[in-house]
Structure formats: C-alpha cells, structure tokens
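Visitor: Line by line, the protein sequences give chains E and F. Per this note's numbering, residue 1 is the first one in the first sequence, and the count goes up by one each step. Per this note's numbering, residue 1 is the first one in the second sequence, and the count goes up by one each step.
Keep in mind that the hints are not guaranteed to be accurate.
[Stated by the list, open to error] Derived, one-sided and incomplete: chain E residues facing chain F with beta-carbon distance under 10 Å:
(1) 140
(2) 369
(3) 371
(4) 372
(5) 405
(6) 409
(7) 461
(8) 462
(9) 482
Honestly, the hints are just simulated from the structure, not real lab data. For every residue, glycine included, the Cβ atom is placed at its ideal position computed from N, Cα and C.
Residue-level listing of the chains:
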Amino acid sequence: MQFAKNLSVILSGVAAVRSTAAAESKDPYSHLNARPGSSKPVWSGHSCPLPLLLILFLILSTLSTPAFAQDKPIALKGGKLLTVTHGAIENGVIVMQGGKITAVGAATSVNIPSNAQVIDTTGMTIYPGLIDSETQLGLTEISAEQTTNDLVELSDEIMPHMHTAEAFHAESVLIPVARMNGITNAVVAPDGKDTLPGQDSFIQLAGANATEMLLIRDNAMPLNFTGDQRRNKGGFDKQKFPATRMGLAAQLRQAFIDAEDYKAKWAEYDRKKADGAQNQNNNKDKKSEPTAPKHDLKSEALIPYLEGKKTIVLAAESPSDLQTAVSLANEFKLKFVLNHISHSQPVLDYVASLKVPVIVGPIYEAPKEDERYDAVYSLPAQLYKRGVKIVFASYSAHNVRNLPDQAGFATAFGLPYEEALKAITINAAEIWGVADQLGSLDVGKTANVVVANGDPLDVKTDVKQVFIQGRAIPMTDRQTQLRDEYSK
Amino acid sequence: MPLMSARKLAIHCAFLAMTLAFAYGQSAAAAHHEVVIKNATVMTVTHGNIKNGSIYIKDGKIAAVGEAVNAPASATVIDAGGKYLTPGIVDSHSHIALDDDVNEATSPITPQMMMKDAFDYQDKAIYRALAGGVTTSLLLHGSANMIGGQAVVIKHKYGAARDEMLFPNAPRSIKFASGENPKRVYGSRDQLPSTRMGNFAVQREALVQAQDYMREWDNYNEKVKRNRDDKDATPPKHDLKLEALADVLRGKLMVQIHCYRADEMLTEIAMAKEFGYNLRAFHHALEAYKIADQLAANNIGIATFSDWWGYKQEAWDAIPWNAVMAMRKGVRVAIKSDSGDYDRRLNQEAAKTMRYGGATEEEALKMITLNAAWIVGVDDRVGSIDIGKDADLVIWDGYPLSSYGVPEKVLIDGEVYFDRTLPGLGTTHYKEGE
Chain E
1 MQFAKNLSVI
11 LSGVAAVRST
21 AAAESKDPYS
31 HLNARPGSSK
41 PVWSGHSCPL
51 PLLLILFLIL
61 STLSTPAFAQ
71 DKPIALKGGK
81 LLTVTHGAIE
91 NGVIVMQGGK
101 ITAVGAATSV
111 NIPSNAQVID
121 TTGMTIYPGL
131 IDSETQLGLT
141 EISAEQTTND
151 LVELSDEIMP
161 HMHTAEAFHA
171 ESVLIPVARM
181 NGITNAVVAP
191 DGKDTLPGQD
201 SFIQLAGANA
211 TEMLLIRDNA
221 MPLNFTGDQR
231 RNKGGFDKQK
241 FPATRMGLAA
251 QLRQAFIDAE
261 DYKAKWAEYD
271 RKKADGAQNQ
281 NNNKDKKSEP
291 TAPKHDLKSE
301 ALIPYLEGKK
311 TIVLAAESPS
321 DLQTAVSLAN
331 EFKLKFVLNH
341 ISHSQPVLDY
351 VASLKVPVIV
361 GPIYEAPKED
371 ERYDAVYSLP
381 AQLYKRGVKI
391 VFASYSAHNV
401 RNLPDQAGFA
411 TAFGLPYEEA
421 LKAITINAAE
431 IWGVADQLGS
441 LDVGKTANVV
451 VANGDPLDVK
461 TDVKQVFIQG
471 RAIPMTDRQT
481 QLRDEYSK
Chain F
1 MPLMSARKLA
11 IHCAFLAMTL
21 AFAYGQSAAA
31 AHHEVVIKNA
41 TVMTVTHGNI
51 KNGSIYIKDG
61 KIAAVGEAVN
71 APASATVIDA
81 GGKYLTPGIV
91 DSHSHIALDD
101 DVNEATSPIT
111 PQMMMKDAFD
121 YQDKAIYRAL
131 AGGVTTSLLL
141 HGSANMIGGQ
151 AVVIKHKYGA
161 ARDEMLFPNA
171 PRSIKFASGE
181 NPKRVYGSRD
191 QLPSTRMGNF
201 AVQREALVQA
211 QDYMREWDNY
221 NEKVKRNRDD
231 KDATPPKHDL
241 KLEALADVLR
251 GKLMVQIHCY
261 RADEMLTEIA
271 MAKEFGYNLR
281 AFHHALEAYK
291 IADQLAANNI
301 GIATFSDWWG
311 YKQEAWDAIP
321 WNAVMAMRKG
331 VRVAIKSDSG
341 DYDRRLNQEA
351 AKTMRYGGAT
361 EEEALKMITL
371 NAAWIVGVDD
381 RVGSIDIGKD
391 ADLVIWDGYP
401 LSSYGVPEKV
411 LIDGEVYFDR
421 TLPGLGTTHY
431 KEGE
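All chains, please: the whole structure from these sequences, using the hints.
Guide: Structure representation (structure tokens):
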C-alpha cells in the first residue's frame, strides 16, 4: 500500500480533464506545474533526440521531484503513429504540450518547439490511450475477499441511486497494473446481478485522487436483462421476487412508471408553486402554498434516463432476452447502447436495425452447446459487417490490461484490424461522449499517448511508456516491485 | 432426470450413425495410415524451426521430419501452404469433461477417487479445446480436498469412443491441494481443516495411516513369503483410500500439488521429504519466483498461469514474470489453463511469457507442449516434433505465438480431428445431429 501512496504523491501534479473542465483551456491544476524551487529536469537543454530508454530513465529518476509535471512540451520523434482517425504515419512526430496533443504528423512536416523535450521513439509504435468500455476498476481489490468488494448492492434489484463514483477507490493497486499496458480510460460499472445496479463512471487511470480521476460521474446506467438478475437460487423455498423474467420485467416497468409519476408530481408541484407565487404577488394570498412531494432518490435517478439525456447500457445475451430488453427500453423511450449479446447470433440483422452501438462480448464467452467453437469469437466481425459500431470491454478489474488482446483475437475471425483498434479507442470515445478529447492522435485532444515496441493488439507487445495528459506515467506497479525485489 | 437420459440416448444413436457414416472414409485411411504434411514451417520445440519442412506420419507416429522426407506415393498429402506447424498443445491442468464432478468435497482425504469414472467423453469442452490446438489434457480432481483423486489423461479425439480418448498407458497422477480452498470448504462447515495448520495436520495424518497400512501389508507379505502355510498370517483388510496413499509413498503415483504461496510450497517439499515421496509439480505456483532455486534443486516443475492474479488473497503476489523467472532458475515451467475458457487459446497465454521476461519463441512454446507433457509424464510420447512421437500436430492460421494464431487443422495420432475450413463444427469424427 505504501507504493500506492507514493504514486499519489508522484502524480500530485497530474491534472485530469473533466467533462466540464475539458472545454476550458486553462488547466485547473497548472499552479502545481511550476513550484518555486523546483529543480530543472536533467534533460533540460538537450536539443538532439536521446534514446527512449535513456530518456525514460532520466524521467523516472526525477520522479520524486515536482519537476515531473509537464512544464515543457514533449515531442516523440521517429515512431510509427497509429492515429486511428487518419491512418498510420511512419517516422512521425507527436508533440504534447500543456496536457494536450499540439502536433501530429510526419517528421518532415512537424515543427518541434525549440523548448521541447525530444524523445527518440524510432522503432516504436505510438497510439492513443486505450479505453475499456466496462470494468470494475476501483470497486474491488481481491475478488474472494468480500471486505474489498463494492461491486453491487444486492438488497434490491432496482438500485439506480447507487453511484460507482462514490465507491471508486482511486488508490487501488489494480489501476497502475492496467495502465501499464496502455489503458488510460475506462468505464467503471457495477456488477450485473441487479436489473438496475447503479450508475457508471468514466475514469482516467491517473490522478491525485478520485476527484481528478472521475472524469464523468453517472455517465450511464446499466439495465441488465440476462436472467442472472433472477432471485431463483436454492429451490422454491428460497426463492424471492423476482424469481422469473416476468417478475424482473414487471418490477422494472413499475420502477419507470413510478419515476414518470414522480416527475409529473414534481412538475405539478413546481407549477402550483409558480402559480402560487404569482397569486401571492397578485393577491397577497398565502393559503395557496402547495405541499412538496416526498423525495425519492430512486425515481430521481431515473429521470435523466427517461428524458433521454443519459445513456442506458442494455445488457442481454440471448435473442429472446435481447428483444424483451429492447421492448422495455422502447416502452420508456430510453436512449441505449447494447451490451454483451454474446448469444444473439441468430438475430444480428435485427441488432443492426436498431442502429445502436454494441459493447460486444467478452468474446471469450463459451458458445452454446450446439454452436461452432468460434460463434462468439466471430461476433465482432459479424456485427461490423452489418454496419454496427462495436467496442470491446474487459468486463474485469484485474484483467483490464488484457483488453487489447481481445481486439487482436477478433481480427483472426474476420474483424478488420483498423476496426479492432477503433473498438478500443475512438468508437469507445464516441459512445461515451468524449470523442472531442480522447480516442485518437489528433491535435487538441488530451495527450493520452502510449509508446510500445510493436503492434498494440498483439499479446507479445510490451508497452514502454504511457503518457496521461502529457505526463510520463511511472512504469511501475506492485507487480514490477515484486519482480524487482526477487530479481536481486 | 428422464429428459437427460433421452438426450444422451439420442447422442448415442447419433454417434452410432456417425460411426457408420464414416466407415468408408476411415477404411481408406486405415489401409495404410500414412500421411505427409508438406510445405510447413515446422516448429519442432526440440531442434529448432524447419522452413518448408515436411513430416511423414506412419501408424499415427512421426516417422520422419525434415526439409524433405521419404514417404510412399500412397500417403495422404496435406499441404500446409507455408503455415506454422507445432506439436499439439498439452494442457497440464484441466477440469473439463467431468460434468462438474470435480470435487468429492465430503472429506479432505479422497485419494481413491478416479477422475476417469467421471470422464464425460461427449463434453463439447473437449471439442472447443481441440479447436484451440489442445490434443492432450490432464483432468485433475479439484482443490477442495487436501488429497483429492487420481487424474485421467485424455487425448482430445472428439467423436471417438470413450476408451479411444484415454491416453494409453499414461502414468498415474494424484492431486494434492493446500491453502485457501480446503480451508474455505471445510472451515465454512466448522470442520477440520480451517487453517493451514489444519491443512497439513490432515495431510500428515493420512500419510501416517498409509505408512501403518503399508507396514501391515509388508508384514503379512513377509510372513507368507517365509512360510506359505503360516496360520498366523491373516491378510489385512483392503482399503482403497490407504492403498492409494501407499502408492504415493511407494512412488507409484506422481504428486501434483495445487499450491499458491511460497511458504506452502516449502512446507509441501518438507513433508514429501519427511515421508519419502517425490513431487512432480506445483500447480498455480504463483509465488514460484520467490523460491525458484529450491524448486529447481528438487526437480519440481510448475504448471502456472501466465498473468492471472488478485482473485484471492493467495493470488495477490502473482506477477506475470513468474514463469520466466522460474524458468531462468532451472525450473520446468508449463502454462496451463485450469479453465474451459483459457484452454481454447493457450498459445496466446504462452506468448505472454515472451513479453513478460523475454522467453524465446521456443521456450514459450515448450511451456504448452514439452514441459507440460513432462508434468503429465508423457514427454516421451508427445510434446515435440521428433521421430517416434505421437503425430499430435497443429497447423496454424497465423503465427501461433501471437493474438492472431488460430488452429486450422489439428491431428491426433496422425488423424485429422479438427479442420477449421470444414462447415459446421469443423470436426471430422463427430457430426452434430447425425
């Protein structure tokens, strides 16, 4: 745990882009970047590129000083840039300044600022930070140790007033492990055992504390209809409502109807109050003061979703569950993206007709008994062929680092490589409403940039350096510490 | 469950029909059983790669391997089209095809359980692993008990008869386990063992009983040997449980131990020395990197995960460099699945060792072939492309040690059992619904 604390200190200069702050040009933490008395970095003044490893060593060796903050531009020169939005650039240059990408292009065409720290990335592959569209990061440490888990509130199936942001553990040991492999942003979702388990958060995997790391609170809400939400375990005597899908659907419908009524009551109250105020002004009559309805957190939480202001993440596996779930969502005009649909191969044309993105998989889900071995492996390709926008998710906490493996594997079953890369970068950024800031190497976006020794989607590829908001993240975690300790 | 039996009956009928349907095709091949795979990049595991290599297979065995092989013109030719060819993958830790009969968790000592008795040869999990290039698996008892049952080694000949799927004359293995799992299972019932002290006390007590049992039998045998008509010589009662444990002490069973923590591995080594038996391998062994010297010195292998961690307290110190760090100290390392999911892509799991610690291609491949075969005790028969070994082979679409490698054809004993290019399931010996 000491390490996590150290890391927080190390990163105390790292500012997070929050959805609201993002539009502001001024970095709200910029005052931390230039502290009085901070020593100049040792590389200061170098104008010729240094080898990457040497530079990284120099960066890491100065981590304990406040000079770590990006107080000057960094240029990565000579690598292969996978921009995602405008192809690959061999022998490219990317410049990061003030936490943003300020230039991207061929080495011959980009002017590197004279004060920039130039890092030679020849032979490296450089790509945007990866985005995992469903994780439980910050909600668990050790799966089997219940005291470390804040995954789902099982006391009721309808829990929209749960906010993962309020449980998110910024100092989790799991977060550095994930970002070491280039995952810089993620959706944090509650476990799927409730129909409405609570609301997601969209995080950045670096920051001084939870406030900085939680880029968007309550960015979306899962609606799970996979059958796993039934309380039917342990025989008839132990069942409780809702033990069937009918029960789940009825309960859910009631929750949304209650929320609609609630909204109407408050609207009525607000109208009366306004009328009353007017009457008061006009007649000085104090008797018309209306009584406020009782507050109900559950219904309140549902209103932005009923109004289509926020996204529902609609999870189903089988064709029948999928269609029931979609009917329910349509009944209340919810704005939704689909999740999982691992066993919905027979109705992929129907899925395409819905014109919504799909968080697909995990593709490691076992096929049904009678299905071919690759029925789920090939799902991303099948969806892509039908024009469906897909994203991948690890659906994990400890294995978030393996997110890109899944995308690579899907290409072996027909998904074009570029689409696989998009599914863990720009597509995810679009679905989560942050495409203006994340998901590609484009000027103006947050400088979440990964430097690796090869193809980002191959299991063998080693990530050499991760930049989050233009800052070089220490490439250490609890696991590298153990490795180094026992390598002595 | 009458429904189930009806379904199983239907499968049996389908199986009969399939056997008949294949009779013709089989007889043609059976006449000579000779196959040549040509134009492959052969990854032998033991003697490097052969570009444009060929393999000549006779009677299910590798008869020749090289840039050119002498084979009769009558041999069936498979053109690998320049693709990679590896030995079949060996999964040294699996619980598939047991219809959830993995743990006889009614007593912490159940060495008389035979996994073979629960082997469900029709389980589709066998097929799905086959499609991932697995040709041999060690099906182990679970880890609820300190001493579980005796493993069965299978070949993934999906669609073949049950007994054809059993690895012929494979050595016997027994599963031990310690740590959190037995603690949790019995501790939650307020039974012994609920602690690690309890774990090892239970194990030692069982082994002491086995020693007594052995002594009784030895005494009896000695008496009978001295005097066939010795009236005092009454045979002790046969006890399956103690007989199995006695076989551990006699060195007739290879001991495979589920163990996570370094301290527990050291305790298991000490206990093995106390009772005079050898340990074949620690399974999971996520802290092997902390005591690799001792493992190497005692010739104990490990069957570990590539990068699983954090799912329980005893997996908290897991690091993805474990496999390579242990290997560099001289430990025989296998990457295993312990899962009906990961056994479908063990090649990717092995490839991770190239990233974490810099294993060479051959070292990585060895962890899912030859080293795994050694743990199972069948390394003289499978695990590499060498003359005389079983022709268990995989032709890969794409480079196998990557995210992209997918088996195109899988051969076991020289016969194709899976072919990705075929419609339906891609199986050659099993047809759905026939």
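Visitor: Each hint needs a verdict: does it hold in this structure or not?
Guide: Each hint, compared with the structure:
1. 140: 8 Å, holds
2. 369: 6 Å, holds
3. 371: 9 Å, holds
4. 372: 5 Å, holds
5. 405: This hint holds: residue 405 of chain E lies near chain F, its Cβ roughly 5 Å from the closest one there, short of 10 Å.
6. 409: Interface hint status for residue 409 of chain E: holds (5 Å vs cutoff 10 Å).
7. 461: 7 Å, holds
8. 462: 5 Å, holds
9. 482: Check passed: Cβ of residue 482 of chain E comes within 5 Å of chain F, closer than 10 Å.
Violated hints for the displayed structure: none, as all numbered hints are satisfied.
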